[in-house]
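So the chains spell out like this:
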Amino acid sequence: MTGRQIITEAQNTWCPGCGNFSIQFTLKGILEGMEKEGKSLDDVVLVTGIGCHGKMADYLNINTFYSLHGRAVPVATAIKLANPDLTVICCSGDGDSYAEGLDHLIFAAKRNVDITVIIHNNRVYGLTTGQYTPTSPLGFHGKSTPAGTTEYPFNPIELMLASGATYVARGYTRKMDQLKHLIAGGIAHKGFAFIDVLQICATFFPAADYYTPRVYDLPEEEHDNFEAACIKAREWDYNSDAKIALGTFYTRVLPTFEKRMAGRPVTIEEREKAVGEFLAART
Amino acid sequence: MKELSVLIGGKAGDGINNAGAMVAQLLNHLGYRIYLYFDYPSLIRGGHNFAIIRGAENPVGTHENHVDFVLALNKETIDRHREKYSKETVIIFDADQVKIPGNGVAVKAILSDEHAPEIMGNSAMIGAFAKATGMEWPLVEQVFRAHMPKGIDQNLNVARRAYDQMRQIRTIERCDNHPLALLTGNEAIGLGMVNGGLETYVSYPMTPSSSLLHFLAEQKEKFGIMVVHPENEIGVVLMALGFAYAGRRTAVGTSGGGFCLMTEGLSFAGMAELPLVLVISQRTGPSTGLPTYTGQTELHFVLNAGQGEFPRLIVAPGDATEALYWSAVATNMAWKFQVPAFILADKTLSEGTYSVDATALPNVPRYDSPLWDGNGTYRRYADTPSGVSPLAFPGQTGAIVKADSYLHDEAGITTEEANLAEVMAKKRLRKGEALARETEGYGGVIVSGIPDADTALLCWGSTKGACDEAGGRLGIRVIRLVVLSPFPKEGLKNALSGVTRLIVVEENATGQLASLAERYGIIAHRKILRFDGRPFTPGDLLVRVKEAMA
Chain Z
1 MTGRQIITEA QNTWCPGCGN FSIQFTLKGI LEGMEKEGKS LDDVVLVTGI GCHGKMADYL
61 NINTFYSLHG RAVPVATAIK LANPDLTVIC CSGDGDSYAE GLDHLIFAAK RNVDITVIIH
121 NNRVYGLTTG QYTPTSPLGF HGKSTPAGTT EYPFNPIELM LASGATYVAR GYTRKMDQLK
181 HLIAGGIAHK GFAFIDVLQI CATFFPAADY YTPRVYDLPE EEHDNFEAAC IKAREWDYNS
241 DAKIALGTFY TRVLPTFEKR MAGRPVTIEE REKAVGEFLA ART
Chain S
284 MKELSVLIGG KAGDGINNAG AMVAQLLNHL GYRIYLYFDY PSLIRGGHNF AIIRGAENPV
344 GTHENHVDFV LALNKETIDR HREKYSKETV IIFDADQVKI PGNGVAVKAI LSDEHAPEIM
404 GNSAMIGAFA KATGMEWPLV EQVFRAHMPK GIDQNLNVAR RAYDQMRQIR TIERCDNHPL
464 ALLTGNEAIG LGMVNGGLET YVSYPMTPSS SLLHFLAEQK EKFGIMVVHP ENEIGVVLMA
524 LGFAYAGRRT AVGTSGGGFC LMTEGLSFAG MAELPLVLVI SQRTGPSTGL PTYTGQTELH
584 FVLNAGQGEF PRLIVAPGDA TEALYWSAVA TNMAWKFQVP AFILADKTLS EGTYSVDATA
644 LPNVPRYDSP LWDGNGTYRR YADTPSGVSP LAFPGQTGAI VKADSYLHDE AGITTEEANL
704 AEVMAKKRLR KGEALARETE GYGGVIVSGI PDADTALLCW GSTKGACDEA GGRLGIRVIR
764 LVVLSPFPKE GLKNALSGVT RLIVVEENAT GQLASLAERY GIIAHRKILR FDGRPFTPGD
824 LLVRVKEAMA
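Heads up: the protein sequence lines correspond to chains Z and S, in order.
If you're matching positions, the first sequence starts at 1 in our numbering and goes up one per residue.
If you're matching positions, the second sequence starts at 284 in our numbering and goes up one per residue.
Looking at chain Z on its own, in the form it has when it is part of the complex:
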């Protein structure tokens, strides 16, 4: 199907000023670009979890799988294994994939499955009206922690590097050209691509005044040095006051999970024969 309307008729319910609009606009631009290059959007699947980010599944007029909270990544992994010709993009939240579904995220990176995971990291639970997440700063006053959190955030960039992700990047919803470049780079990357997007939550964590003066761009080249990437990843730990690097931390091309898992197709006749042979071997 070509020339489709990329945005559905579903009523948009994100708050005014929500960073999700920037991510949606970015994805729309990328999808339009794919069509222009002659790629059928029938071959694109978006998988989302539950949270404000998840509404993307209703808003984009493409194949979508609106999964459970924390469970976008295993679904995306399976879709890619089932049909490696599909382009599988996974939108997930920080509560979604850093808390509820962290195990799946780490394993997807470990497996180097060729999916692109975009984390809408607003560092707060929005849809459940404002509790801390794994990336909220120490002392964050959320509804479940009115006196402030008593635990440090973790650093998802460092975590993904340690887990084996082969494309690790960080974007910011107030820098949309760069964001588009990073997500498009992730989709083009053959392997597990991870993009942590510092997303503004206009209602519960409007952190633009914190991010904007601190962000700077990483150089465009030389992303294959793992040690250097780790050092750069630790520059800002999502808690202390430091410069915040945006761009690609690390890329490396390694064999993908779906390639390693691929088997030879077998006809119905062949499998019936195989069942018969097995029964004979047990007689």
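You may find that some hints are simply not true.
With a Cα cut of at most 25 Å, we get these calculated DSS-like pairs of lysine-lysine [what the hints assert, rightly or not]: (1) S:Lys505 x Z:Lys259; (2) S:Lys382 x S:Lys358; (3) Z:Lys273 x S:Lys503; (4) S:Lys294 x S:Lys367; (5) S:Lys505 x Z:Lys273; (6) Z:Lys36 x Z:Lys175.
Hints listed in this document are in silico derivations from the structure and should not be mistaken for laboratory results.
From a predicted model like this one, the values you see are computed outputs, not experimental measurements.
Assemble the complex: chain Z is given as a structure, and chain S must be docked to it using the hints.
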């Protein structure tokens, strides 16, 4: 009826399961129908393992209390099972481990002469057994060549030495049957699902389901299936849903504990109408419980698991032959009606070995899921009279396929409309009605024993063997449910016609089938329950049923 039982026992790590399988094949080739029970604790080395191989002229579905032959790799085997012996029981033992007079085999010397590893000691026991029972050597050689996984020649040499040293003690007569395939329940489930069109199997190891994972992983190239072992059972079920969405017929396998983690995914399958096959092999719970022992405690769990209301198929095969057939049926039904389909097994079925005559089974229709015809705009949840919406998969030209865990409209877009909530709930329930009509035709209520007797046993699952035998010997009716959901109320009411005394037999402490039947107005007069992790034998059951009938 010609019948005999052989017990082989030793330490974990002695290869008892494999040795049991070889004895079973010897008897199979003498024309016996087989059931092999394997009993082992949850450890890798040490502890007592034993297998009981029962062979009979007619099919048997369970082991008995009495054994005719004992192959003891250690003294514990002899001591532990004394209640199973009679005067006629022939005990053959490893003379290095057991210092008693009798039929000892000089295992250590034989292994030393053949420079064979300790694990081959059980081949010496099998060779001795073959001679003691009057088997011809060529039969032993034939069975070893066909069924010994490795080291065939060396194992044969070991067996031959013991064969030559042993004397003939008690001859096993041939039966007038052809040999049949010997399958564990899990193998039969795997083959059945493959026959039903399975393309992907996703599982995290958990006894007693793990051997199904191992079997399909070993055979995946031949069957052309993908086998995935993810990070945990939540990953398992969500991956399965992703595979189903992309058009792959997929099953998951676990036991009760792993299924606990799958319930959110199960409910999602119900809401998003994603076909899903679940093999749940029960073990003794609650919690970690007795990992390597049996039970029938998850009937209500699988019936009620998952939030919200949605239809599901539950089948509980009674033996490997039924597992082969019903696993194919379940796989097909999951796709035909886009519902979760459970194959509810237990340790007894999963890890027991049975004679299976695959040629006697009816063909199972497959690949009959309704597909989108490509006309107009695709709506994943199109509301149809049967409730079943045509399927399209991502990548298909012109289809935008939207699966959704929220309440959704026909296109798969989230909604909170009260009207749609009701319309879609009714759509899902109509699928359940269509499924119920379909399954009624599959004969999911089985009557055996004496069909017009006024006393009946009511049972389900792997107690088939014990119930059928006890019922036959007592001259009573045996009614067994293979389909447990949608509940076959018409079929059961017909089967109960003329019954004045109903006795439920279950391997749980509360009578789960009894309370399910009660919901449909069917009242059991007595419950015979066993919940020590061990399966009923016909002998045990006979005593309990007589008590219940007194």
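So, going through the hints one by one against the coordinates:
no., hint, result
1, S:Lys505 x Z:Lys259, "19 Å, holds"
2, S:Lys382 x S:Lys358, "8 Å, holds"
3, Z:Lys273 x S:Lys503, "14 Å, holds"
4, S:Lys294 x S:Lys367, "19 Å, holds"
5, S:Lys505 x Z:Lys273, "9 Å, holds"
6, Z:Lys36 x Z:Lys175, "24 Å, holds"
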